[in-house]
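Asker: Listed below, chain by chain, are the residues.
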Amino acid sequence: MATVSMTVNGKHVSADVEPRTLLVQFLREHLRLTGTHVGCDTSQCGACVVHLDGRAVKSCTTLALTCDGAEVVTIEGLAKDGRLHPMQEAFRDNHGLQCGFCTPGMIMSAIDIVRRKGHDLDEHTIREELEGNICRCTGYHNIVRAVAAGAQAMKGGEPLKKAAE
Amino acid sequence: MYAFDYHRPKSLRQAVNLLAKVEDAKLLAGGHTLLPTMKQRLAAPANIIDLNGIAELAGIERKGRAVVIGAMTRHADVAESPIVQEAIPALAELADQIGDPQVRNRGTIGGSIANNDPAADYPAACIALGATIITNKRKVPAEEFFTGLFETALEEGEIITRVSFPLPSKAAYMKFPNPASRYALVGVFVAKRGAEVRVAVTGAGADGVFRVGAMEEALKARFSPKSLEGIKVPSKGLNSDIHADADYRAHLIGVMARRAVANATGKA
Amino acid sequence: MSATGIGAAVRRKEDQRFITGKGQYTDDINRPGQAYAYFLRSPHAHATIKKIDAKAALAMPGVIAVLTGDDLAADKIGGLICGWMIHSKDGSPMKAGPHPALAQGKVRYVGDHVAVVVAESLAQAKDAAEAVKVDYAELKAVVDPAAAQKNGAPQVHDVSSDNTVYQWHLGDKAATDAAFKQAKHVTRLDLVNNRLIPNAIEPRAAIGEYDPGTDAYTLYTTSQNPHVARLVLSAFVGIAPEHKLRVIAPDVGGGFGSKIFIYAEETVCTWAAKKVGRPVKWTAERSESFLADAHGRDHVTRAELALDDRGRILGLRVKTIANLGAYLSTFASSVPTYLYAPLLSGQYDIPAIYCEVDGVYTNTAPVDAYRGAGRPEATFVVERLVEVAAREMGLDPAALRKRNYIKKFPHQTPVIMNYDIGNYHASLDKALELADYQNFAKRKRESARRGRLRGIGFSSYIEACGIAPSQAVGSLGAGVGLWESAEVRVNPTGSVEILTGSHSHGQGHETTFAQLVSDRLGIPIEHVTVIHGDTDKVQFGMGTYGSRSGAVGMAAIAKAIDKVIAKGKKVAAHVLEASEGDIEFKDGKFTVAGTDKALGFGDVALQAYIAHKFSGQDLEPGLKEGAFYDPTNFTFPAGMHICEVEVDPQTGVTTIERWTAVDDFGTVINPMIVEGQVHGGVAQGIGQALLEGARYDENGQLVTASFMDYCMPRAGDLPSFTVGMTTTPCPSNPLGIKGCGEAGAIAAPAAVINAITDAVGHEDVAMPATPQVVWRACQKAAQRMAAE
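One line per chain: the protein sequences are L, Y and D, in this order. Mapped onto the UniProt record's numbering, the consecutive letters of the first sequence carry residue numbers 1 to 165. Mapped onto the UniProt record's numbering, the consecutive letters of the second sequence carry residue numbers 1 to 268. Mapped onto the UniProt record's numbering, the consecutive letters of the third sequence carry residue numbers 1 to 788.
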């Protein structure tokens, strides 16, 4: 066992874990943050995407111990003071989800797209940038619209946190 | 995943010492090949030495007529680097096509090169650009570094620290991705530096990255897509799998090479 | 139309929990004291098990139990069942081999369940599984359905010497043969409908729990139909009596058919919970989903279409071999028979049809219903034939279709179905307009200038949904009726709970069902809650599949609402001291006709529970009604999808440039959700046509066993879709609904392949039409042109 400490959704957390514990297992099993999902075992579906020091990563392909001292944000940490993040609102408004299982990863990835590519996103860019997230329900049509709308809605919000450099 | 012991050195020196000391160790960089392999229980190292805490291994700098990239530099950082974009735009574009955005946020150039997956993108750039792989012990020309399928010239206790890419006058990378995995089904990197032209192919070769001499000779005479017309790459020694037979791969090498040259000459 | 009533694009009520990470999927649930199950699976496609030695595994840290098929047999736990009896041409019943939840003596596909290890942690269970020693005697495997019936092929089950499950047929052979004798033109095609792996993004999972105090079990599982699971597990598998087994299917992350079936894993977890005295949890890894979820499609077909000299269809003859895999899954037998052949008339007036289907065993994962289930296969046959016939005869493919469309309804096809209504010309015309068909030639020239090949493909699909009239399916061999149930519970304060036997796993029932209630009862949608997926709450139901929840599930709710209104009128009559016949209900108010005496819905609800204004002899207190709705006919959603592609002949890469869908789903409750269903269905159909294909090697190893090799559609593979509607309300459905869930998956494959073959000028393009396949087709077309 080894001790790991990190900040998750603004809260300091610490636990003893087996070294083989993945970040997603740490979140789901130790912290009971079950909004982050596991949809594959080859790092492709993106259901497990969280923000690690401001960047979207696949938490199924990251050791919890690697994240010692890091800042992690999950889908549960997006809403502030009972107010949804604009990207969350955009997914509901544009019917960007059906079964909801890929949705947390999609939303976390979408916010990362805005960080990297800005607020004015064309359809082609969004489709290319969603390469690491698989949805089986929506055919992506409404996800693309949700990401574009969410990116616009984020214009008014707080400045995006720059990735730790 | 099997159980293992975990180490997180703070410096290259500590990492090298650990590597010498602990049994059956693997270095963890971005982890996007190693961890999935371990999750499938296809690898079972007793010790993991995590390089993510070593700040000195990351970073990009311009050194004269070369760009030097630290081994722990993430693909996304190479893709977005103004230095790389200005000096070797083809390299930035290559980095931007590896895996997917989340993979690029974690995966590193050193990890990719050390793994030498036959369908990885970076080996093609290293060979075509004539890169030098710098380790804690020595400098290895790319030509001597990639020795076979998942095989490199790295010796025991050796850690890649940096990769130095000399600046080409013209270069481009054309990738035909495997639609499922996003690895290269065929990737062709062409680079011209002075009179020297190199054409390096990844994804297709059964032994990993290779050069196409006939194309290089033709392009030396005239660096134009037209020079490649009629040059057939033999399918012998190329991969065949459910996604592409060897002869289709051979054909794609021709198409991707022509498109890369067109791109490099601004005629795409 | 109110802002939340029928026809309104209401934002989904369920989304709040999903967008905030508060959904409750099975794997999100943890029970106190739970242990973890890991299944040891067969590495061989076909082998006898000589011995299983678990001694070393049992000694490993954290291991609680290692259970095998022998333990199941000792506890007299029965095998898994196939619930639809198919009879062969000669009248003999289908040959169903045994299907134990854990292998008994033999394994029949890679991934077959050999043993389960239960341990304190998943990692420990997995570690111990490697220490279980299994002594196999390997046997030769058969994976190709076309080879399974041949002499000398390895025999999968003792019950069938030539691996044939049934040799079934439908239609009039003599009449069809006669039609072909009359024909001036015959189009023949050999088609493979590629095998698919459903891959809902939530992997299957199960938690079994046993309470010794009440001798009762609870199973949390990823099911589209928890009541059917309970019925099968109690009545057939024999784990517990029905009243001692509660099945909960909480939030389920997509199904597409694959979560209809009752699998080995949930069976074993439930049974093992009592054996080990702990809750037992299992969650599939994706690689397990690939190996052991039921796959879809996998047909090999010879099809022939007979036409007269003007392009009128005279007859259709089809011979199909359907791969059913190593065991008959829950509904496997019905998919390539009654869900397939009765749709072979398509939208066309075809005088004679004859179809033969051989179902065969192979050493591959079981094959069962996957989105569309039989109907995509039928549409692919019909629409490829019609398109190729038009090309061969030099006719416009749209014109040939129009010439043969059914124009008068009801229409009795030669293959069981009686189409009640439709307007196929209307959907074709609208689709041609939305697709800007008239300028296609211009776009094709423009593509050619850039060295690209542009093609267009049509698909006039039809499906039979609203599954299904119980008497009809009973006569065809179904083991159960396919009605649906509903209960409307009105609370004293006027809020309403709807209990439904349908199950939502992405379809948005919590919203659409509430819209119906809001509309009918005139109450705010916020006052309605929809409850589903728990056998302790909902008494019984048949679940969600076959585009049935709108047409059948909502019809049951509507029926129960009518009863609530009728009871409400009685209550209002007592309170308002009027005659029951004078009470009218409209816009949420009970009014005495011709007066201003009225009570709101909430007032009537309160009075029903207070019960001061009537005696129990006059009227029972309370306001709660249930209903069972059994449809009188199938419903027939239909439409036209047009696909426009551009092919890069140098690489074979196909890009979908335009997608136009015009569907007739009858009444639409929530157009936003309905369009979303079309998008998702089309994406899966495009996936089948361009990207997805399960491949086994000759030894029965699954080569496409992860997302690294099995290509799932990603955002960049797909276009935006143009979706239009035409409407002919379904006359046999009380709400006019036909259903929308599978349309896209049914229509799309033929449209894509018709477009690619049009672009490259070569008809032999197999699915998935990967760049390599299309490039080879381009090469062949070029060779043929050179030769001509």
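Hints should not be assumed to be uniformly reliable.
Stated by the list, open to error - Have a look at the derived ranges for each label pair, beta carbon to beta carbon: (1) D:135 with L:14: 17 to 25 Å; (2) Y:151 with L:124: 54 to 62 Å; (3) D:727 with L:83: 15 to 23 Å; (4) L:18 with D:133: 33 to 41 Å; (5) D:32 with L:14: 22 to 30 Å; (6) Y:55 with D:536: 39 to 47 Å; (7) D:32 with L:16: 20 to 28 Å; (8) L:124 with Y:147: 35 to 43 Å; (9) Y:151 with D:51: 49 to 57 Å; (10) D:51 with L:14: 45 to 53 Å.
Simulated from the structure, these hints should not be mistaken for lab results. The structure presented is a predicted model; accordingly, all values stated were derived computationally and were not measured. Beta carbons are placed, not taken as given, at the ideal position from N, Cα and C, and that holds for glycine.
Asker: A separate judgement is required for each hint: does it hold in the structure or not?
Answerer: Going through the hints against the structure:
With their beta carbons about 47 Å apart, residue 135 of chain D and residue 14 of chain L fall outside the hinted range of 17 to 25 Å. Between residue 151 of chain Y and residue 124 of chain L the beta carbons are some 39 Å apart, a value that contradicts the proposed interval 54 to 62 Å. Under the hint 15 to 23 Å, the C-beta atoms of residue 727 of chain D and residue 83 of chain L, about 40 Å apart, miss the expected range. For residue 18 of chain L paired with residue 133 of chain D, a C-beta distance near 26 Å fails the hint of 33 to 41 Å.
Checking the proposed 22 to 30 Å range against residue 32 of chain D and residue 14 of chain L shows it holds: the Cβ atoms sit about 24 Å from each other. Checked against the hint of 39 to 47 Å, the pair residue 55 of chain Y and residue 536 of chain D fails, with Cβ atoms roughly 57 Å apart. Checked against the given bound of 20 to 28 Å, the beta carbons of residue 32 of chain D and residue 16 of chain L, roughly 21 Å apart, stay inside it. Taking 35 to 43 Å as the suggested C-beta distance range, the pair residue 124 of chain L and residue 147 of chain Y conforms, at roughly 40 Å.
At about 40 Å, the beta-carbon gap between residue 151 of chain Y and residue 51 of chain D misses the expected band of 49 to 57 Å. Separation of residue 51 of chain D from residue 14 of chain L is about 48 Å and conforms to the stated range, judged on CB atoms against 45 to 53 Å.
Checked against the numbered hints above, the structure violates hints 1, 2, 3, 4, 6, 9; every other hint is satisfied.
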